[in-house]
Every structure is written in C-alpha cells, then in structure tokens.
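Peer 1: Residues per chain are reported as follows:
2 protein chains.
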Amino acid sequence: MATARRMAIMTDGFNDAFTAKTAICLLRYRPDEVVAVLDRQSAGKSAQEVFGAGGSIPCVGSLADAAGANTFVVGIAPPGGKIPPHWHPIILEAIARKMTVVSGLHEFLRDDPEFYKAAAVHGVQLIDIRDNDERDVAQRVGLRDDCLRIHTIANDCSCGKMVASVELADGLKRSGVDAAFVATGQTGILVAGGGCPIDRVIADFVTGAAEKLVLANQHHEVIVVEGQGSLFHPRYSCVTLGLLHGLMPDGLILCYEMGRDTVMGMEDVSLPSLEKVVEFYEAAANIMHPCRVIGVAVNGLRFSDRDVDDECEQVSRRLGLPACDVIRHGPAKLVEAVTELQKTRKKQR
Amino acid sequence: MATARRMAIMTDGFNDAFTAKTAICLLRYRPDEVVAVLDRQSAGKSAQEVFGAGGSIPCVGSLADAAGANTFVVGIAPPGGKIPPHWHPIILEAIARKMTVVSGLHEFLRDDPEFYKAAAVHGVQLIDIRDNDERDVAQRVGLRDDCLRIHTIANDCSCGKMVASVELADGLKRSGVDAAFVATGQTGILVAGGGCPIDRVIADFVTGAAEKLVLANQHHEVIVVEGQGSLFHPRYSCVTLGLLHGLMPDGLILCYEMGRDTVMGMEDVSLPSLEKVVEFYEAAANIMHPCRVIGVAVNGLRFSDRDVDDECEQVSRRLGLPACDVIRHGPAKLVEAVTELQKTRKKQR
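These protein sequence lines are chains A and B, in that order. Here numbering that gives the first Met the number 0 is used: position 114 in the first sequence is 113, and no number is missing along the way. Here numbering that gives the first Met the number 0 is used: position 103 in the second sequence is 102, and no number is missing along the way.
Misleading hints may appear alongside valid ones.
As the list claims (entries may be wrong) - Simulated DEER-style distance windows between Cβ atoms:
1. SER174/A - THR343/B: 32 to 40 Å
2. PRO289/A - PRO88/B: 49 to 57 Å
3. SER61/B - PRO83/A: 34 to 42 Å
4. ARG348/B - ASP260/A: 26 to 34 Å
5. ASP145/A - GLY54/B: 54 to 62 Å
6. GLY192/A - LYS81/B: 27 to 35 Å
What the hints assert, rightly or not - Partial list, computed: chain A residues near chain B (C-beta under 8 Å):
7. LEU104
8. HIS105
9. PHE107
10. ARG109
11. ALA202
12. VAL205
13. SER236
14. ASN285
Derived by calculation from the structure, the hints in this document are not laboratory data. Positions of the beta carbon are idealized from the N, C-alpha and C atoms, including for glycine.
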C-alpha cells in the first residue's frame with residue numbers, strides 16, 4: 000500500500016494569491032494531507048492568516064518544525080518557472096530527510112545534477128509533475144455521448160478556472176450527480192492525484208492528450224475539465240485551443256477575475272469584452288462539437304461581498320447566463336446550468 | 000568551411016505526393032544538392048518521372064549507386080511518424096558509409112540505440128530536425144513594423160502552405176523586394192537551411208518560438224512564414240494558433256487543395272467553407288494584431304489546367320481575393336497582393 004502523503008509545502012515569501020496558487024489550493028482542498036507550510040517570513044502564523052485557507056496548519060521556519068512530513072512540495076509558480084537558487088539548500092535538506100520532493104515547474108528537479116545525485120544517494124523520489132511522454136495525436140474514436148463534458152475557460156490565465164472546476168464538480172456530487180474534476184495543470188494534478196500537465200505536452204500531441212483525459216474519465220456522468228490559459232493570451236492560446244479541441248466539450252463555464260483589464264504580467268495587452276470572449280470561444284469550440292457557454296464563474300477575490308453580488312447580477316444580465324463567485328456563493332447556479340444542459344442533451348440523444 | 004550537402008533521399012515506395020513531401024520539395028527547391036533518390040521500387044527511373052520534380056536526378060536501388068552523397072535524408076513523413084523497421088539496415092549502411100543522417104520525424108534517430116551506437120563508432124552526425132530546446136514564452140517586445148509579416152494558413156494540413164510560402168518569397172525577390180521564406184516544419188527547414196520545428200515545441204513555448212522566428216528575420220522587408228496544420232484540424236489546431244499568435248502577421252495567404260472535402264486522414268470530419276475559414280482565421284489573428292487574408296493559393300495538383308483556372312476564377316469572385324495555383328500560374332497575383340498591403344501599411348505608419 001502506498002504511504003499516505005503528508006506534505007510540507009514551501010512558499011518562502013512568495014505568498015501572494017497568484018504565485019502561491021499551488022500552496023493555497025492544497026491548503027483549501029487537501030488540508031488533511033498538509034503538515035505545514037514552510038514560509039520563513041511567516042513562521043509562527045497559521046496558514047489561514049497568511050493564505051486565507053488551511054485553518055490552523057502552521058507556517059514554519061524550517062523542515063525540523065514540520066515533524067511527520069514525508070513529502071516536500073514546491074508550492075509556487077515563480078515568474079520564469081525556475082526554482083529560486085536560495086531554495087536549493089532546503090530542497091537538499093528535504094532529500095537528506097528522505098522526503099519525496101514534488102515540483103510542478105517547467106524546470107525539472109531531476110535535471111539538476113545536485114538534486115539528482117542527492118536523491119540517488121538517499122533513495123528518494125523526485126516527482127516532476129509536468130514531465131510527460133504524450134506522443135499520440137487525437138483519434139476522435141470512442142468518445143461517449145452519455146458523459147457530459149464541461150470545460151472551464153477564461154479571458155486570461157490565473158483567474159480561477161481550477162477552483163471553479165473543483166467547486167463545480169464537488170457541487171454536482173453533492174447534488175447526486177456522478178461528476179469528476181479532471182486536472183490539466185500542476186496544481187490541479189496535485190489536488191486530484193492525477194491528470195495531464197497539458198502545457199508541457201509537445202504541441203502536436205496536445206489534442207491527443209486532451210482526448211485521452213476524456214477517454215479515461217468518461218465513465219462518469221459529468222466531467223469538469225480544468226481549462227488552461229486563454230484563447231486571448233499572447234503566450235498560452237496554443238495550449239488553450241488544443242485542450243478545447245481535444246476535449247470537444249458540451250458546455251463551457253467562463254471564468255474571469257473582477258477588476259482585471261489587462262493580461263496578467265503583460266499590462267500593455269488589454270483584455271477583450273466578455274461578450275467577445277464568449278463569441279470567440281463558442282466559434283472555436285463549435286468547429287469540433289456543438290457547444291455553448293452555460294455559466295460564468297466570477298472571481299471576486301479583491302472585492303467586497305456587495306461589489307461581487309452587483310457584478311454577478313450585472314454580468315448575468317449582460318450575457319444572459321447564470322453567474323456566481325464559487326468561493327462566496329457556492330457553485331449552485333453552475334450546478335443547475337450543468338444539470339439543465341444534461342437534460343437537454345439527454346433529450347437530443 | 001562546411002562541406003556542401005550532397006543528399007541521397009530515401010523514399011522507398013512511399014512516393015505519393017503527400018507522404019514523400021520532403022523528398023519532392025528538396026527535388027524541387029534544392030536539386031543541385033540531391034545526388035539520388037533511394038527508392039528501390041523505382042530504380043532506373045528519373046526523379047522527374049516518379050516525383051514530378053528533380054529532372055534527371057536518378058532513382059537508385061542502393062546506396063552504392065549514390066556515389067558522392069554525403070548526407071542521407073529520410074524523405075518521407077510516414078503515418079505514425081516512425082521510421083519503417085525495414086529501413087533500419089539501410090540507415091545503418093549509410094552510417095557505416097560515414098554519411099550524415101537527417102530525419103524530420105517525431106521519433107528521433109538518436110533515441111534508437113542501434114543508430115546511436117553506430118554513429119558513435121563511425122563518427123557520424125545524426126540530425127533530428129524536430130529536436131529543439133525552446134523554453135521561452137512570447138514577450139511581444141522588439142517586433143518592428145517596418146517588416147511586413149505574411150503567413151500561409153489553410154483549411155487542412157498537407158495542402159501546399161510550404162510550397163506557396165517558398166514560391167511567394169521567391170516571387171517577391173524576383174520583383175525586387177527583400178523577402179525571406181521562414182520555415183516552421185521539417186521540409187521547410189531542410190529547404191531553407193534553418194527555421195523552427197514548431198509542432199515539436201512544448202505547447203507553452205510555441206508562441207515564444209514563433210516570435211523568435213520573427214525577431215531573427217525581421218531585417219527583411221517582408222517575411223513569408225510557413226503555416227502548420229489548420230485551426231480546423233482536430234489534431235493540430237493548437238500548433239496553428241500558437242504560430243498565428245506568436246507571429247502576429249499583417250497578412251494571410253489562404254491555401255487549400257482543390258477537391259478535398261474532408262480532413263486528410265480523418266474522412267469523417269468535413270472541411271468548412273472557405274468563407275468560414277477566412278472569417279475564423281481573421282477573428283483569431285485580430286485578437287493579437289490587425290490582419291486580413293489577402294490572397295488564395297489554390298493547390299490544383301489533381302486537376303487539369305482548365306479546371307484549376309476555373310476554380311481560381313470562381314474562388315476569387317466568391318472571396319473577393321486574388322487566387323492562383325503557384326505551381327501552374329506562378330505567384331504573381333500573390334506578390335501583387337503583398338506589395339499592395341506593404342504600401343497600405345507604410346501609409347499607416
């Protein structure tokens with residue numbers, strides 16, 4: 000039997016909501032598996048205080064204070080995708096403590112000669128979540144129409160697609176639907192315990208890898224597949240379209256962050272109107288399979304309850320779609336939209 | 000000084016216009032560098048007879064008959080992307096003859112232990128054209144507006160984007176424009192002697208790699224960048240959008256093969272109307288940069304001169320765009336469309 004995962008998650012000062020996404024989502028969705036957050040600047044505080052999730056899980060200043068942890072998780076997605084050099088000694092310490100080391104960065108742990116050698120010496124496993132050997136093109140064979148395929152999309156990266164997907168799948172399960180969250184990014188894979196790091200797949204095989212995710216999960220009534228990037232993102236639109244065309248979703252959930260007007264990290268690139276986002280995604284999706292946007296997940300992180308309520312009401316009226324902030328309001332409106340679509344599709348079969 | 004490339008190109012029975020694309024394009028655009036085509040079934044015939052290009056270059060039955068060749072080229076793109084097993088002995092023979100071996104397939108030569116060992120023993124270079132270490136995201140910094148970016152697009156894969164690009168760039172040069180063909184696929188790279196195997200790049204870095212192609216070539220007045228796949232292709236749309244968004248073209252040339260109604264190799268997937276192709280590509284391109292389709296390259300390979308003339312006239316009227324078959328008619332109409340766009344853009348600056 001596999002040993003249960005008991006994680007120490009390192010953030011070490013990179014604890015804003017975007018850079019520490021991996022840590023925050025593990026604290027939110029897998030708190031039972033988290034022993035401590037290694038964040039030297041916040042040692043002594045609780046995870047809840049620092050990250051807004053994780054309750055009383057402690058922030059600690061050294062691995063010695065994370066007793067019982069057997070897994071060291073790189074909990075950040077730093078700009079540039081590289082492990083900060085000053086983290087090297089602590090990762091080597093984790094290896095020496097015989098902890099499994101897990102990273103979702105593009106730069107692989109095993110490609111660092113020091114880590115590689117230390118892991119061999121201590122018999123420790125280095126897990127690079129983005130590593131994959133996807134080499135199959137899409138075949139469009141074997142997709143079942145009795146599994147409803149839902150996919151989260153967005154106007155930008157890092158605006159809550161993974162969270163919306165997890166919350167929606169959980170909401171569907173609570174309402175009695177056999178639903179599954181399907182992960183396509185490093186954080187989602189850590190939360191779900193499986194999935195495909197789609198942005199690391201060789202371009203020719205992205206749709207093939209997406210299709211395989213469907214084939215592997217379509218025994219569920221509904222799958223909610225996490226989106227990546229955005230068709231409007233100057234860097235990642237390629238990943239987004241490959242995923243969209245490989246999944247051939249029936250319904251899309253549009254995610255966006257309230258108050259964001261420009262592409263994150265590329266402030267001279269404006270974001271389009273939500274109407275245009277809906278129009279272009281539907282055009283792109285319908286090339287492969289009949290599909291429409293069925294709901295909106297508003298990420299109101301930086302706003303008050305009242306402002307978020309107003310935004311949801313306004314955007315719902317503008318787009319003619321149900322809208323909610325899944326963290327504040329729960330996913331009920333989106334659950335309803337999915338079950339409605341499910342009924343429509345059943346009638347069409 | 001580097002030794003001049005003297006190629007023996009292997010096709011060995013895979014000599015239809017699509018599978019032998021690499022061989023045919025080298026025969027057409029680099030005949031001076033081709034010593035022979037190794038095609039055991041066609042030994043004794045001329046390349047012209049078998050491939051419709053290459054004039055009197057002989058088809059031979061063994062490497063012994065390709066005297067003076069120093070480079071062995073895998074001249075096919077077989078279904079599945081793997082080197083046919085019965086080719087192994089002849090590739091080992093090429094290595095033993097101290098020939099450089101070149102392949103553009105997804106399966107790398109150097110990952111075959113037999114080839115790897117033999118190459119080491121004989122001090123021979125194995126060149127995997129698709130190999131790359133692209134690891135940069137797009138930055139949108141440094142793009143010059145005094146270089147006109149032209150990009151070939153299509154409704155499907157394998158319908159003449161590379162040929163249209165080469166012919167258009169050559170036509171522009173003949174008319175006195177400082178133009179360059181920029182390669183993005185294995186055949187184009189062999190013809191041009193450089194470029195980026197974009198479909199083999201990790202998905203997150205496709206737009207970054209495309210952008211680098213622009214930065215490296217924008218000292219020319221006009222660049223004509225070869226397209227890959229199609230936004231309508233169930234397998235390769237990811238590659239196509241990454242390229243389109245990374246290049247940020249000013250003008251697009253739409254390519255299609257006359258008489259093709261379904262996706263090549265996926266006969267149950269219908270191709271959309273050309274009007275829809277133009278509309279969706281323009282919508283996708285304009286997300287990043289003002290761009291429109293300025294001409295049509297009709298591939299009339301399987302039709303008579305008269306039928307192709309009629310088709311060009313009809314499609315030109317339907318789409319309101321100049322249309323020609325660059326092989327039959329030459330690229331003059333497309334050259335004119337590019338120089339017109341160049342004038343318009345100059346006025347706008």
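Peer 1: It remains to establish, for every hint, whether it holds in the given structure.
Peer 2: Outcome of the hint check:
1. Distance hint check: the CB atoms of SER174/A and THR343/B are about 57 Å apart, inconsistent with the given range 32 to 40 Å.
2. Distance hint for PRO289/A and PRO88/B: a CB-CB separation of about 51 Å, consistent with the stated range 49 to 57 Å.
3. Take SER61/B and PRO83/A: their Cβ atoms lie about 58 Å apart, and the range 34 to 42 Å is violated.
4. Taken as a hint, the range 26 to 34 Å holds for the pair ARG348/B and ASP260/A, whose Cβ atoms sit roughly 27 Å apart.
5. In this structure, ASP145/A and GLY54/B meet the distance hint of 54 to 62 Å, their C-beta atoms being roughly 59 Å apart.
6. The hint said 27 to 35 Å for the Cβ distance between GLY192/A and LYS81/B, and at roughly 33 Å that hint holds.
7. This hint is violated: LEU104/A has a C-beta 11 Å from the nearest C-beta of chain B, more than the 8 Å allowed.
8. With its C-beta approaching chain B no nearer than about 7 Å, HIS105/A sits inside the 8 Å limit, and its interface hint holds.
9. Below 8 Å, beta-carbon pairs count as interface contacts, and PHE107/A has none with chain B, the closest being about 11 Å; its hint is therefore violated.
10. Because the closest C-beta pair between ARG109/A and chain B is about 16 Å apart, greater than 8 Å, the hint is violated.
11. Given hint, ALA202/A at the interface with chain B, holds; its Cβ is 5 Å from that chain's nearest Cβ, closer than 8 Å.
12. Because the beta carbon of VAL205/A sits about 4 Å from the nearest beta carbon in chain B, less than 8 Å, this interface hint is met.
13. For SER236/A, the shortest C-beta to C-beta distance to chain B is roughly 5 Å, which falls under 8 Å, so the interface hint holds.
14. The closest approach between the C-beta of ASN285/A and any C-beta of chain B is roughly 10 Å, which is over the 8 Å cut-off, so the hint fails.
The structure does not agree with the numbered hints 1, 3, 7, 9, 10 and 14 stated previously, though it agrees with the rest.
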